[in-house]
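**Q** Just need the whole structure built from these sequences, with the hints factored in.
Under our numbering, think of the first position of the sequence shown as 78, with each following residue one higher.
Where hints are given, some of them may not hold.
What the hints assert, rightly or not - Computed cross-link-like contacts, SDA-like style, restricted to lysine to any residue with a CA-CA straight-line distance of at most 25 Å:
id, residue 1, residue 2
1, Lys266, Gly281
2, Lys266, Glu208
3, Lys266, Thr175
4, Lys266, Arg117
5, Lys266, Pro246
6, Lys266, Trp279
7, Lys266, Asp307
8, Lys266, Ile177
9, Lys266, Asn249
10, Lys266, Leu228
11, Lys266, Arg231
12, Lys266, Val326
13, Lys266, Ala297
14, Lys266, Ser193
15, Lys266, Pro172
The set of hints was computed from the structure by calculation and includes no laboratory data.
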Amino acid sequence: METREFKPYLVLIILLAAASIAYALTVSYEISSVAGIEVRLPHRIGEWQGNELRYCQNPDHRQEYTAENLEDPDTCPECGFEMSGMSYWERQILPDDTVILKKRYQHPSQEVVLASIVLSGAERSSIHRPEVCLQGQNQRITGSRVISIPLEGRDDLDVMVLTLRRTVPGPNNTTHEFLTYYAYWFVGKGRETPHHIQRMIWMGFDSIFNRVAHRWAYIAVSGARVDHEDETYLDQIRQFVSEFYPEMVMN
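**A** Next up, the structure:
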């Protein structure tokens with residue numbers, strides 16, 4: 078279908094989403110504590126060994142640490158300030174009941190993947206399009222696509238994959254380029270989607286017709302890319318997520 082033919086459908090979807098959300102704000106509904114996933118990051122996923130990330134909350138320090146290198150994961154070893162699973166800036170801008178978990182996973186081949194879960198609180202404003210936070214600070218999104226990941230015993234999982242490029246100033250007016258990827262999908266009670274607009278429509282539907290607001294989460298996996306043309310990182314995403322996903326399923 079050509080772009081011009083798709084536009085009326087896109088406009089209709091946006092209008093329906095806006096109407097649903099607007100109406101949802103005018104009716105009473107129950108705020109559910111159900112997350113739809115297991116809110117945890119396993120210590121091990123297949124051959125991948127995980128290590129929790131902790132962040133100093135001192136505004137003048139804000140260092141990142143791995144839990145295995147800390148005697149006390151709740152206290153910064155350098156300045157004595159409180160430590161958290163959120164970065165300093167995440168904690169400043171997100172509602173207090175937002176839950177964020179992050180772990181760095183390393184494979185015996187020395188490949189490294191960062192996995193994270195962001196779970197909304199009562200305000201439901203913790204969850205947004207990740208693209209909003211990823212751009213800036215000398216970083217920009219260079220591409221996006223949805224890939225399907227085969228999973229045993231169920232339909233394929235659709236995941237949004239963003240490619241990013243970050244430039245960092247170097248000595249003598251030089252710059253260094255870092256290429257990464259960021260793959261994510263949204264999860265609600267009994268629902269999954271890689272699309273923010275689909276999530277918003279479902280939120281509006283549940284608020285209007287089911288009179289309930291479920292807790293939504295987004296799960297993300299990120300890592301490095303070799304160069305602009307290489308796409309082996311897609312194999313890394315598929316392999317990691319296929320082992321990671323069963324750990325997220327609620328029993």
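**Q** Compare the structure with each hint and give your call.
**A** The hints, checked one at a time:
Distance check on the hinted pair: Lys266 and Gly281 sit about 14 Å apart at the alpha-carbon level, within 25 Å; holds. For the given pair, Lys266 sits about 23 Å from Glu208 by alpha-carbon distance, which is consistent with the 25 Å threshold. Simply put, Lys266 and Thr175 have alpha-carbon atoms about 17 Å apart, close enough for the 25 Å limit, and the pair holds. Using a Cα cut-off of 25 Å, the hinted pair Lys266 and Arg117 holds, with the two alpha carbons roughly 16 Å apart.
Between the alpha carbons of Lys266 and Pro246 the distance comes to roughly 44 Å, so the proposed pair goes past 25 Å and is violated. Of the supplied pair hints, the one linking Lys266 and Trp279 holds, its CA atoms being roughly 10 Å apart against a limit of 25 Å. Among the hinted pairs, Lys266 with Asp307 is inconsistent with the structure: their alpha-carbon atoms are about 36 Å apart, more than 25 Å. Proposed proximity of Lys266 and Ile177 is supported: the alpha carbons are some 18 Å apart, at most 25 Å.
For the suggested pair Lys266 and Asn249, the alpha carbons sit about 53 Å apart, so the restraint of at most 25 Å is broken. Between Lys266 and Leu228 the alpha-carbon distance is near 19 Å, which keeps this suggested pair within the 25 Å criterion. Taking the CA atoms of Lys266 and Arg231, the gap is about 16 Å. The hint holds against a cut of 25 Å. A hinted pair counts as satisfied when its Cα atoms are at most 25 Å apart, and Lys266 with Val326 qualifies at roughly 11 Å.
Straight-line distance between C-alpha atoms of Lys266 and Ala297 comes to about 18 Å, which keeps the hinted pair within the 25 Å bound. With a C-alpha separation of about 18 Å, the suggested pair Lys266 and Ser193 falls inside the 25 Å cut-off, and the hint holds. The straight-line distance between the Cα atoms of Lys266 and Pro172 is roughly 21 Å, inside the 25 Å bound, and the hint therefore holds.
Taken one by one, the earlier hints fail for this structure at numbers 5, 7 and 9, listed in ascending order.
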